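Undergrad: Next come the chains, spelled out residue by residue.
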Amino acid sequence: MNQVKKLIYTLFFSISLLLCCMQTYSIVFANDQSSTITNYLMYPGETANARLSIENKDIKSHTYSLSFEQLTEGFHGYFSIEGKVIDSIQLSASQKSIINFSLEVPVNPSISDMSVPLDILRDDGTRDNITLNYTLNQDYSISITCNLQSIKAINGDTISLEIGVANTGNKDLSALSLQVELPYKWILERQDPSNLDIKSGETGLYKLKITIPPSQQAGEYPIKISCSNTEVSSNSVTVPVTVSTSINLLWWIAGIIVLLSIFTLLYFKKHGRR
Amino acid sequence: MTPMLALIKKEITDALKNKLFLIILGMLLLLTIVSVVLGSYQVRINMDTYNQSVSFLKSLGKTEFPDAPNLNPLSSSKSFVNYIGLLGALLAIVLGNAAVVKEKRNGTLKLILSRQIFRDTFLNGKILGNMILLFFITLLTSIITLGSVAIISTVSLSAGDISRMFVFFFMSFLYMAFFLILGIFMSVLMPNGNKALLITVIIWLVISFILPQIGDTMDMDNQLPGGFFSSMGMNKEDTQKILDHFKIYETIRDSIEQMSPTKHYERVGFALLNIKPGFDKNTVLEVVLMKWIDVLGLLAPSIILWLCSYMVFLKRENIYQE
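Respectively, the protein sequence lines represent chains X and B. The first sequence begins at 1 in this note's numbering and counts up one residue at a time. The second sequence begins at 1 in this note's numbering and counts up one residue at a time.
These aren't lab readings, by the way, just hints derived from the structure by calculation. Careful, some of the hints might be misleading.
Unchecked claim - Subject to a maximum C-alpha distance of 25 Å in a straight line, what follows is the list of computed DSS-like cross-link-like pairs (lysine-lysine):
1. B:Lys-58 <-> X:Lys-84
2. B:Lys-281 <-> X:Lys-185
3. B:Lys-241 <-> X:Lys-185
4. B:Lys-281 <-> X:Lys-224
Claimed, not checked - Under 10 Å between C-beta atoms, here's a sample of chain X residues computed to sit facing chain B:
5. Gly-219
6. Ser-226
7. Phe-268
8. Gly-272
Claimed, not checked - One-sided excerpt, in silico: chain B residues whose CB lies under 8 Å from chain X:
9. Arg-115
10. Ile-117
11. Arg-119
12. Asp-120
13. Val-167
14. Glu-250
15. Arg-267
16. Ile-293
17. Ala-300
18. Leu-305
19. Tyr-310
20. Leu-314
These numbers come from a predicted model, not from an experiment. We put the CB at the ideal spot given by N, CA and C, even for glycine.
Work the whole structure out from these sequences, hints included.
TA: The following block contains the structure:
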C-alpha cells in the first residue's frame with residue numbers, strides 16, 4: 001500500500017514539475033516577426049523567472065540585443081544565462097540558447113498585474129517581441145515594521161524594540177518566526193512571543209529585549225530583523241543603534257584629574273617653589 | 001625673552017642636532033610618504049576601474065550605472081596609524097628622555113636652575129618646546145598626506161574629509177605627546193638616564209603591544225583560527241548563550257584594553273579615517289563626541305603624568321646626579 005502511495009506522490013510531483021517547466025518556457029524565434037504573450041505568477045518579495053529560448057535560424061552568426069521597457073517603480077528586471085547577467089547574446093548559425101528573464105518583485109508591490117514587453121533585436125535589424133504578463137499572487141504576503149527608526153544607547157544598556165508583522169496576504173499564516181541579526185556579542189535577552197499565528201489582514205507584535213555588552217565600543221551598529229515561515233518571507237528591517245560610552249566614566253576621570261591638580265597645588269604650597 | 005621662551009627655543013634647536021631624533025624622524029617621514037603614495041595610487045586605480053566600467057556602459061547606450069565604489073581616500077593613511085604607533089612613540093620617547101638627561105650629562109641643569117628659573121618653569125619649557133616640535137612634525141605629515149591624496153588619487157576631498165584628516169593628525173599628536181611626557185617623567189623620576197630610557201621603552205612595549213594583545217588573546221572567539229564559535233559549529237544563538245555567562249570576564253578583558261593609549265589612538269584614528277565601518281555618515285565632531293572615551297584615554301594619562309612630573313621634580317634633591 002505504501003509503495004502505491006509513494007508512486008502516486010512521485011507521479012504527482014513529476015507532473016507538477018513538468019507543468020511548472022511548461023509554464024515558464026517560451027520560445028522566441030529571432031528570425032520571425034512574431035509576438036507572443038505568456039502569463040506568469042509573481043510573489044511579493046520574490047523573483048519571478050521566465051525561461052526564453054532564442055534560436056538563430058539563419059545560416060550565419062548573429063548578435064541579439066535584449067531589452068525591455070521601463071518597469072513600474074520597485075520592480076527590477078534583468079536577463080541572464082547561468083546566473084550571469086547579460087544584455088546581448090551571440091548565436092552561431094542554427095544555434096539555440098536558453099536565457100532567463102528575472103523580475104524582482106518588491107515586498108509590497110503597488111500593482112497586482114503588469115505586462116513586460118521584451119524586445120530582441122538582431123544585428124541586421126530584425127526584431128522580435130514577446131510580452132510577459134504577470135499576475136500577483138497575494139495568498140501569502142507579510143510586511144514588518146519597527147516602532148523605532150533608530151536607537152541611541154549606552155554600552156551595557158538593554159534596549160526594547162517592538163516589531164509589527166502585518167499579514168497582507170489572502171490566507172492565514174502560522175508559525176511565523178523572527179530572525180534577528182545582532183552585532184557580535186550582543187545578546188537577545190527576550191523575544192515575546194517566540195512564534196506568531198496571524199490571520200489575513202491582521203497584525204501581530206513581537207517584543208524584543210536586547211543587551212549591548214558593556215565592552216561595546218562607541219559607534220553605529222545595525223540590527224537586522226526579518227520574519228518568515230515555510231510559505232513566506234518578509235522584507236528585512238534594519239535599525240541602526242548608536243552606542244555611546246557611559247558618561248559616568250568621564251566624571252570619574254575628570255574627578256581624578258581635578259583631585260590630582262589640587263594635590264599638586266597643595267604640594268607646591270607645602271614645599272615651596274624651587 | 002622670558003626664560004620659558006628661551007627654554008622652548010633651546011629645545012627645538014637641540015632636537016634638530018640630535019642624530020637619533022633625526023634618524024627616527026627621517027624614517028617616519030619616509031614611511032609616511034611611501035604608504036600614502038601607495039594608498040593614493042590604490043584609490044586612483046579603483047577610481048579608474050570604475051570610470052572605465054561607466055564609459056563601457058555608456059558606449060552600450062545604458063543610462064543606469066552601478067554605484068561608485070566606496071573609495072575612501074582617507075584610508076590611504078591607514079598604515080600611518082601603525083607607523084605613529086611604532087616610530088612616532090619612539091621619537092617622542094627619545095625627545096622626552098633627552099630633554100632632561102642631556103642637561104644632566106652636560107652639567108647645564110645646575111647652570112639653568114641657578115639662574116632663577118624655577119623647576120616647574122624648566123619642566124614646562126621642556127615639555128612645551130618638544131610638544132611644538134611634535135606638532136610641526138604632525139602638521140608636516142598631514143600636509144604631505146593631503147597633498148599626495150589630492151594629487152595622486154585624483155579624488156576630490158570634501159571639507160569633511162579634510163577636517164577628519166586634520167583631527168586624526170591632532171590625535172596622532174596627542175598620542176606622541178603622551179610618550180613625550182612619559183619620557184620626561186621617567187627621566188626626572190630616575191637618576192640614571194639610560195635606565196630611565198630603558199624603562200620607558202619597556203612601558204611603551206607593555207602598553208602598545210602586550211596590553212592590546214592580552215585583550216585580543218582573552219577574546220574567546222580568537223582562540224581558534226576562523227573563530228572559536230564557528231569552528232565549534234555553534235550558531236549565533238548558542239554563541240550568545242555562552243557569551244551571556246561571561247559578562248564579568250568581558251568587562252575585565254575590555255578594562256585591560258582600555259589601559260592602552262595605543263588602543264585608544266587606533267580606535268579613534270580608525271573611526272576618523274572611516275576604516276572602521278559605521279562612522280561614514282557622521283561629522284568629525286560627532287565622531288569625536290562618540291569616541292570621547294578614546295580621546296580622554298589619550299589626554300588623561302598625559303595630564304596625570306605632567307602633574308606627577310612637577311611633584312617628583314620639585315621634591316628630588318639629587319637632580320644633578322647622573
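Undergrad: Against each hint, give a clear statement of whether it holds in the structure.
TA: Evaluated hints:
1. Under the criterion of a C-alpha separation no larger than 25 Å, the hint pairing B:Lys-58 with X:Lys-84 is consistent with the structure, at around 20 Å.
2. About 24 Å separates the Cα atoms of B:Lys-281 and X:Lys-185, which keeps this hinted pair within 25 Å; it holds.
3. At roughly 10 Å between alpha-carbon atoms, B:Lys-241 and X:Lys-185 fall within 25 Å of each other, so this suggested pair holds.
4. With a C-alpha separation of about 19 Å, the suggested pairing of B:Lys-281 with X:Lys-224 holds against the 25 Å cut-off.
5. Contact between X:Gly-219 and chain B, as hinted, is supported at the beta carbon level, the nearest pair being about 5 Å apart and thus within 10 Å.
6. Given hint, X:Ser-226 at the interface with chain B, is violated; its Cβ is 14 Å from that chain's nearest Cβ, farther than 10 Å.
7. Because the smallest distance between the Cβ of X:Phe-268 and any Cβ of chain B comes to about 7 Å, under 10 Å, the interface hint for this residue holds.
8. The closest approach between the C-beta of X:Gly-272 and any C-beta of chain B is roughly 9 Å, which is under the 10 Å cut-off, so the hint is satisfied.
9. Proximity of B:Arg-115 to chain X is violated relative to the hint, the smallest CB-CB distance being about 13 Å (cut-off 8 Å).
10. For B:Ile-117, the interface hint is violated, since its Cβ never comes within 8 Å of a Cβ in chain X; the closest pair sits about 10 Å apart.
11. The restraint placing B:Arg-119 at the interface with chain X holds, with a minimum CB-CB distance near 5 Å, inside the 8 Å limit.
12. Annotation: interface hint on B:Asp-120 holds; nearest CB of chain X at approximately 7 Å, less than 8 Å.
13. The closest approach between the C-beta of B:Val-167 and any C-beta of chain X is roughly 16 Å, which is over the 8 Å cut-off, so the hint fails.
14. Proximity of B:Glu-250 to chain X holds as hinted, the smallest CB-CB distance being about 5 Å (cut-off 8 Å).
15. About 6 Å separates the beta-carbon of B:Arg-267 from the nearest beta-carbon of chain X, less than 8 Å, and the hint is met.
16. Checking B:Ile-293 against chain X by beta carbon gives a least distance of about 4 Å; that is within 8 Å, so the hint holds.
17. Interface restraint check for B:Ala-300: the shortest CB-CB distance to chain X comes to about 5 Å, inside 8 Å, so the restraint holds.
18. Checking B:Leu-305 against chain X by beta carbon gives a least distance of about 10 Å; that is not within 8 Å, so the hint is violated.
19. Interface hint status for B:Tyr-310: upheld, as the beta-carbon distance to the closest one in chain X is roughly 6 Å, under 8 Å.
20. Because the closest C-beta pair between B:Leu-314 and chain X is about 6 Å apart, less than 8 Å, the hint holds.
Taken one by one, the earlier hints fail for this structure at numbers 6, 9, 10, 13 and 18, listed in ascending order.
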